[in-house]
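*Asks:* Sequence:
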Amino acid sequence: MLIVIEGADGVGKTTLAKRLALYYGVIDSADGASETVIAQRRAAHHGATMFSLPEASTSAGALFRQWAREHAQRTPEEWAHLAAASYNELRPRIEALLNDGKTVICDRYTHSDYAYRALAGWNFDMTATFHKKWYQPILRPDLVLWLHCPLGIAA
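Everything in the sequence shown is counted per my numbering, starting at 717 for the first residue and increasing by one.
No wet-lab data here; the hints were simulated from the structure.
Incorrect hints may appear among the rest.
The calculated label-pair distances, taken between Cβ atoms and stated as ranges, are [claimed, not checked]:
hint	residue 1	residue 2	range
1	Ala788	Val860	27 to 33 Å
2	Arg856	His787	19 to 25 Å
3	Ala812	Thr791	30 to 36 Å
4	Tyr739	Gln789	38 to 44 Å
5	Met842	Trp783	27 to 33 Å
6	Leu867	Arg735	19 to 25 Å
7	Tyr739	Glu793	34 to 40 Å
8	Gly868	Asp816	38 to 44 Å
9	Asp816	Asn839	37 to 43 Å
Quick list of in silico lysine-lysine cross-link-like pairs, DSBU-like style, CA-CA up to 35 Å [to be verified]:
hint	residue 1	residue 2
10	Lys818	Lys849
11	Lys848	Lys818
12	Lys734	Lys849
13	Lys818	Lys734
14	Lys734	Lys848
All residues carry an ideal CB built from backbone N, CA and C; glycine is no exception.
Model the full assembly from the supplied sequences, consistent with the hints where possible.
*Replies:* Have a look at this one:
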């Protein structure tokens, strides 16, 4: 089962993803690793795996997160290509896990890219065309949870 959690920054996507990972058998931290690392590592042994897109374990996702930390001045196209490259690197792993009967929980997925492209001035058709050209076929989620709260309340 592919579960996707979407929503604005600070709305609680990662918190909910971690809670779902706990539901699927993740135990609490005792080794000092970050909660996300623990959730990924332990969930993998209990039938679930958690990813946060763009996924830092991919080379494109790591570069994307580095640029974000550094507030890098990049074009919308550069950001879009890195997001697509991260998904494309991660897709075979997700597909293999799903084929093995595992549950995959994603904090953000390709839906977020539509929102980010809209913020960059792209219309829906431009983003859809980009996705068809640059993304490997999108794995269809079994469940998408959209979280919403007023932006003034989001963390």
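*Asks:* Give a verdict on every hint.
*Replies:* Consistency of the hints with the structure:
Between alanine 788 and valine 860 the CB atoms are about 29 Å apart, so this pair conforms to the stated range of 27 to 33 Å. Our hint of 19 to 25 Å for arginine 856 and histidine 787 is violated, since their Cβ atoms are close to 34 Å apart. Under the hint 30 to 36 Å, the C-beta atoms of alanine 812 and threonine 791, about 33 Å apart, fit the expected range. Checked against the hint of 38 to 44 Å, the pair tyrosine 739 and glutamine 789 passes, with Cβ atoms roughly 40 Å apart.
Under the hint 27 to 33 Å, the C-beta atoms of methionine 842 and tryptophan 783, about 22 Å apart, miss the expected range. Taking the beta carbon of each, leucine 867 and arginine 735 are about 22 Å apart, inside 19 to 25 Å as hinted. Our hint of 34 to 40 Å for tyrosine 739 and glutamate 793 holds, since their Cβ atoms are close to 38 Å apart. Glycine 868 and aspartate 816 have their C-beta atoms about 42 Å apart, which keeps the hinted 38 to 44 Å range intact.
At about 39 Å, the CB distance of aspartate 816 to asparagine 839 agrees with the hint of 37 to 43 Å. This hinted pair checks out: lysine 818 and lysine 849 have alpha carbons roughly 29 Å apart, not beyond 35 Å. For the hint pairing lysine 848 with lysine 818, the CA-to-CA distance comes to about 27 Å; that is within 35 Å, so the pair holds. Restraint check for lysine 734 and lysine 849: the C-alpha separation of about 32 Å stays at or below 35 Å, so the hint holds.
This hinted pair checks out: lysine 818 and lysine 734 have alpha carbons roughly 16 Å apart, not beyond 35 Å. Among the hinted pairs, lysine 734 with lysine 848 is consistent with the structure: their alpha-carbon atoms are about 31 Å apart, no more than 35 Å.
Checked against the numbered hints above, the structure breaks hints 2, 5 and satisfies the rest.
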